[in-house]
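The lines below spell out each chain.
Protein chains: 2
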Amino acid sequence: MFESAELGHKIDKATYDAEVPALREALLNAQFDLAQKAKFPVVILVGGVDGAGKGETVNLLNEWMDPRYIQVHAMGEQSDEERERPPMWRFWHSLPPKGKVGVFFGSWYTAPIVQRALGEIKNSKLNQRIEEINRFEEMLCNEGALIVKFWFHLSKDAQKKRLKTLEKDPKTRWRVTKFDWDRFNIYDQFRKVSELALRATSTAEAPWIVVEGSDARYRSLTAGKILLEALRKRLQEKPQPTTSKSPPLQAPIDRLDVFDRLDMKQKVAKKKFDTELEKYQGKLAMLTRDARFRNISVVALFEGNDAAGKGGAIRRITSALDARHYRIVPVAAPTEEERAQPYLWRFWRNVPRTGKFTIFDRSWYGRVLVERVEKFCSEADWMRAYGEINDFEQQLSDNNIVLVKFWLTITKDEQLRRFKEREKVSFKRFKITEEDWRNRKKWDAYETAVCDMVDRTSTNTAPWILVEANDKNFARLKVLKTLCDRIEAALKKRK
Amino acid sequence: MFESAELGHKIDKATYDAEVPALREALLNAQFDLAQKAKFPVVILVGGVDGAGKGETVNLLNEWMDPRYIQVHAMGEQSDEERERPPMWRFWHSLPPKGKVGVFFGSWYTAPIVQRALGEIKNSKLNQRIEEINRFEEMLCNEGALIVKFWFHLSKDAQKKRLKTLEKDPKTRWRVTKFDWDRFNIYDQFRKVSELALRATSTAEAPWIVVEGSDARYRSLTAGKILLEALRKRLQEKPQPTTSKSPPLQAPIDRLDVFDRLDMKQKVAKKKFDTELEKYQGKLAMLTRDARFRNISVVALFEGNDAAGKGGAIRRITSALDARHYRIVPVAAPTEEERAQPYLWRFWRNVPRTGKFTIFDRSWYGRVLVERVEKFCSEADWMRAYGEINDFEQQLSDNNIVLVKFWLTITKDEQLRRFKEREKVSFKRFKITEEDWRNRKKWDAYETAVCDMVDRTSTNTAPWILVEANDKNFARLKVLKTLCDRIEAALKKRK
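Keeping their order, the protein sequence lines are chains A and B. For the first sequence, the working numbering assigns the number 28 to the initial residue and increments by one for each residue that follows. For the second sequence, the working numbering assigns the number 28 to the initial residue and increments by one for each residue that follows.
Here chain A stands alone, though its shape is the one from the complex (with noise of 0.2 Å):
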């Protein structure tokens, strides 16, 4: 993959102020026509051997375009706030809106191979990372993301030359440290490793581009033409519609679903329910008082038919908590800014910190359930989000997540009592709305998009609890229950 740049690439100056005005230009002009459209995000990582001059293009970069567009966001150490959420969490909160640039200087590349260089971490680790990053930069294209990757690069005798007439100058003999040279022996390794995942992450929507570092001005030209052409080749693109490849999904033919195996007359009686209620929200406090919560987090999800009491029964658990330590995120519809940003945005922004409890009112679901019932998305986007769904989720569980889940079911007719209830008692009112019953409508295909939810992004890691709420106690105490037993299986695997 490093041939072509290890030849010696070089641009006379002569050549080079010759050019620049006009690619800057140009870049600005591309630049204006991005932020005027905001039709999609231009995602640059910079990523290569060290020396070959990735400070430099960046900042470059920075100086011939509009600052207010394009935002840089060095990668270095982790910060607290970062390493308490999942890895990825630090650049689903860095990539730019719909309209700008976001350039990453490091990447979620810099960890996989300077790890695996080091031998950190085996080879199978980092195929995993690997497919990972993959799935990762898929969802960013499908979602309209131009992704342009530089690699910088220097051949050993390059970066060896380099060190060594730094180290010459007394003037810059600062700039060599001990940590250069030892990056410097682990060069092979680190060529070895590169390409590797240079080449599994080559794809076709995103491919890697391998610039020589050794001359600034042609790595700055070359940098600056590619990105040129990457901005106005996707600028002319007429938008297409997605069409989607899969075979139909299709009820089941007896119309038999996993609703029809619940029983819905199950209840509680107010005493019981008093007494339970107690035990259960005791139960809770204390678990999430416990010191090894302190190591944990969890997400509970509240979705569920229109009336089915999420409000409800969230406010039973929240009585039972600290307030300093959990939050509500009550989800509507996106504001303007998430809506310049991937669908999953919005949720990775709410991912809580260690020790924290956080409920989201409604969640993620919505693409594969309100999206896809109104068609706000194309069936293409809501088929690829059980995949991305899962990839989430998978990633909350790797990092000390308890992800419960819950479906609140009513049945129907319970549903057209509760409303009328609503309409009558004045201070309910405010909570039923024309659509409300304009959903009511289409509880069938509500129906057949819980179920196909339910079938395809109910895990071991993150089973869905379907809970039966056409009696409220009952629903109440499910959830609670359901909750201290997910909470308490995770502490006791803590010791």
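Be careful, since some hints might not be right.
All copies of an identical chain are treated as equivalent in the list; a pair is satisfied when it fits inside any one copy or across any two copies.
Capping the alpha-carbon separation at 30 Å, the derived lysine-lysine pairs in DSBU-like fashion look like this [said to hold, decoys possible]: (1) Lys468 with Lys37; (2) Lys499 with Lys383; (3) Lys520 with Lys499; (4) Lys219 with Lys183; (5) Lys447 with Lys297; (6) Lys66 with Lys191; (7) Lys520 with Lys149; (8) Lys195 with Lys469; (9) Lys183 with Lys519; (10) Lys125 with Lys195; (11) Lys183 with Lys292; (12) Lys125 with Lys252; (13) Lys149 with Lys519.
Simulated from the structure, these hints should not be mistaken for laboratory data.
For chain A, the structure is supplied; the task is to place chain B on it using the hints.
Then chain B, alone, in the frame of chain A:
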């Protein structure tokens, strides 16, 4: 993933009898359209729990549909032919052409899932296989295939009950063997591994469809209807142009490429050539007759400029080989049968058994050379080909195939000289056509394509060997020496 397939789905006989005739007719009609239009192949995978009706469903599909256009591949133990080739060879071999249906009873999923459930392979290995499967299926989808993946499921209780029932009846007792009970004993493990594999391979383009297997009528009608709708949906789709989303590849801005660094003046004089030729042909003869050679195989591929002397170089190799053990595969325009398959199919056909020596005179690189330059395929197609080719070659390497890739290069002047000579000399005139002159006009476009090819497919395991071929003697010796070195290194590793 299995929730909906443990509900006890059932279809009564009256419903079944009423629905089947129309379904069969519709399936036959869809199959007729498929065959007439011959725009895409249909790949049906049948997997799942033993006893869940996999075999019965396959038989039924065969019965319902037109047997001329459907072929069932029961993938049991590997044959000799198969064992000596990469694991995916047998599946490539059996892929249906456009317009036809291929049913895989046992598929590329079987071995990884069963091996992991039995603890024969580790999780990291399973993940690697899953990743390979995803890339393979992605390639099939990109090549237009409709993939329908059925997983027939039984709960643990249902499987046990089925085995017991069969055992009780003297007429069916013979059907239950120790093997069945052994399999039953790893049910939990099998389920867990299957869930993981199904989830990780349920992509937007080729999602798994889990079908409860206990009731034959439900199972059959479900499979038939799903297949019908999948066929209908795809038959109705209008073909869409595939646009490449990647940033455009660009030639180096200083026009310096790998060929500029070659010393094209290298020559070998007649006398020295004769001695060296004898020496290296002798060495090659010895190496390929070494006992250890029976455990490896060699694939040597030749690409190069027109008139660069591929044929002559190949003859200098083959004259050292045993005619029973080598084969030359000349690659010209694909046949009708080959055009109805993914483009790598015709090369998979020719992957050698162990102990064999195969020479490709031109190769799969046509995709990123002539097909790219002449626009026989879209940019999106050749962009993804780099990754697909790397995957293919990795499988060859993993299977102890020594892959040696030669690019024979001559200068533009030398080509002109040879073209003119060919026109003059009567016995060489068949070697020069109008097309050669046309190609020559696209010299620069080809050179760009070759450089991209080298950059994106020269890897540690299978590097490109650029051969300076202005002097035929020099080129022929370099080819022979390189081959000897690579084979010698491979034999040494085998002790």
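So, going through the hints one by one against the coordinates:
Taking CA atoms no more than 30 Å apart as the test, Lys468 paired with Lys37 passes between copies only; the shortest distance there is 28 Å, against 68 Å inside one copy. In this assembly of identical chains, the alpha carbons of Lys499 and Lys383 lie at most 30 Å apart only when taken from the same copy (27 Å versus 73 Å across copies). Taking the shortest Cα distances, Lys520 and Lys499 never come within 30 Å of each other, neither inside one copy (32 Å) nor across copies (70 Å). Proximity of Lys219 to Lys183 under the C-alpha cut-off of 30 Å is restricted to the intra-copy arrangement: shortest distance 12 Å within a copy versus 47 Å between copies.
In this homomeric assembly, Lys447 and Lys297 come within 30 Å of each other (Cα to Cα) only inside a single copy, at 23 Å, whereas the closest approach across copies is 101 Å. Neither within a single protomer nor between protomers do Lys66 and Lys191 lie at most 30 Å apart by alpha-carbon distance, with minima of 47 Å and 62 Å respectively. When the C-alpha separation of Lys520 and Lys149 is checked against a cutoff of 30 Å, the pair qualifies both within a copy, at 25 Å, and between copies, at 23 Å. For the homomeric pair Lys195 and Lys469, neither the shortest alpha-carbon distance inside one copy (76 Å) nor that between copies (49 Å) is at most 30 Å.
Proximity of Lys183 and Lys519 under a CA criterion of 30 Å is satisfied inter-copy only: 28 Å between copies versus 50 Å inside one chain copy. Proximity of Lys125 and Lys195 under a CA criterion of 30 Å is satisfied in neither setting, with 46 Å inside one chain copy and 66 Å between copies. With identical chains, the CA atoms of Lys183 and Lys292 are at most 30 Å apart between copies only, with a shortest distance of 28 Å across copies and 73 Å within one. Proximity of Lys125 and Lys252 under a CA criterion of 30 Å is satisfied intra-copy only: 22 Å inside one chain copy versus 42 Å between copies.
Taking the shortest alpha-carbon separations for Lys149 and Lys519, both the intra-copy value of 29 Å and the inter-copy value of 26 Å come in at or below 30 Å.
In terms of the numbered hints stated before, the structure departs from hints 3, 6, 8, 10, listed from lowest to highest.
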